[in-house]
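Keeping the supplied structure of chain G fixed, place chain U upon it in accordance with the hints.
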Amino acid sequence: KAGVTQTPRYLIKTRGQQVTLSCSPISGHRSVSWYQQTPGQGLQFLFEYFSETQRNKGNFPGRFSGRQFSNSRSEMNVSTLELGDSALYLCASSSLRADTGELFFGEGSRLTVL
Amino acid sequence: GENVEQHPSTLSVQEGDSAVIKCTYSDSASNYFPWYKQELGKGPQLIIDIRSNVGEKKDQRIAVTLNKTAKHFSLHITETQPEDSAVYFCAAGQAGTALIFGKGTTLSVSS
Numbered sequence: 001k002a003g004v005t006q007t008p009r010y011l012i013k014t015r016g017q018q019v020t021l022s023c024s025p026i027s028g029h030r031s032v033s034w035y036q037q038t039p040g041q042g043l044q045f046l047f048e049y050f051s052e053t054q055r056n057k058g059n060f061p062g063r064f065s066g067r068q069f070s071n072s073r074s075e076m077n078v079s080t081l082e083l084g085d086s087a088l089y090l091c092a093s094s095s096l097r098a099d100t101g102e103l104f105f106g107e108g109s110r111l112t113v114l
Numbered sequence: 115g116e117n118v119e120q121h122p123s124t125l126s127v128q129e130g131d132s133a134v135i136k137c138t139y140s141d142s143a144s145n146y147f148p149w150y151k152q153e154l155g156k157g158p159q160l161i162i163d164i165r166s167n168v169g170e171k172k173d174q175r176i177a178v179t180l181n182k183t184a185k186h187f188s189l190h191i192t193e194t195q196p197e198d199s200a201v202y203f204c205a206a207g208q209a210g211t212a213l214i215f216g217k218g219t220t221l222s223v224s225s
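Same order as they appear, the protein sequences are chains G and U. For the first sequence, the residue numbers in this note's numbering are 1 to 114. For the second sequence, the residue numbers in this note's numbering are 115 to 225.
Just so you know, the hints here were simulated from the structure itself, not pulled from any lab data.
As a list, the in silico DSS-like pairs of lysine-lysine whose alpha-carbon atoms are at most 27 Å apart: (1) Lys57(G) to Lys217(U); (2) Lys57(G) to Lys151(U); (3) Lys57(G) to Lys185(U); (4) Lys185(U) to Lys217(U); (5) Lys13(G) to Lys156(U); (6) Lys156(U) to Lys57(G).
With beta-carbon atoms standing in for the labels, derived distance ranges: (7) Val134(U) to Gln54(G): 35 to 41 Å; (8) Asp141(U) to Thr5(G): 30 to 36 Å; (9) Thr112(G) to Lys171(U): 35 to 41 Å; (10) Gly40(G) to Ser222(U): 14 to 20 Å; (11) Thr80(G) to Ser142(U): 36 to 42 Å.
Residues from chain U that keep clear of chain G, each with C-beta distances beyond 10 Å, as calculated: (12) His121; (13) Val127; (14) Gln128; (15) Ala133; (16) Ser140; (17) Ile164; (18) Lys172; (19) Arg175; (20) Ser188; (21) His190; (22) Ser224.
Ideal Cβ placement from N, Cα and C applies to all residues, glycine included.
One chain only, chain G, in its complex shape:
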């Protein structure tokens, strides 16, 4: 069974640009969550999607957005990039609601903002 796939794995952007990250969950999983990982802050929750609906949202500015497609694949977008957005963005899928079942993480997309 294929794991969670995130693309791209690495990317470099400049301030003010926008970026779109993609996540393909494990087949059959309907819940996708996104987390931002930085050295000082650990794993910070961005949002969770379940069956194309955003169920939960973390405390991030509106520049961070996401969506989920009918095949459960998800994308997140960050507009007007800032230096502080440099981080590893992790996607996780679950067969149940993300809060009560095991999360299966991808290897992440490492974003560097210059």
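Coordinates of chain U only, in the frame set by chain G:
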């Protein structure tokens, strides 16, 4: 909302020693407490979890304890091995809300 504090941020032990990582949570309604291990260059992976109706759970060298009254839970690793070296995250959650993670503990096991 939920807030999870994790200590220590770094932990160094000798091979064969035990390691203990502690977490506290703020929301008394939380009822699910997983622990994740993240190796270098990989995403976090679930190693053990516990639900609020259980006080302790063991899986070989790993155990987790939960004290709902004090709102804290701990990860215990016995007979540590070099391959246990990684970043460990605790988390807390409940139905209808997001899983909130602690800031992580970097465990180094030296041989």
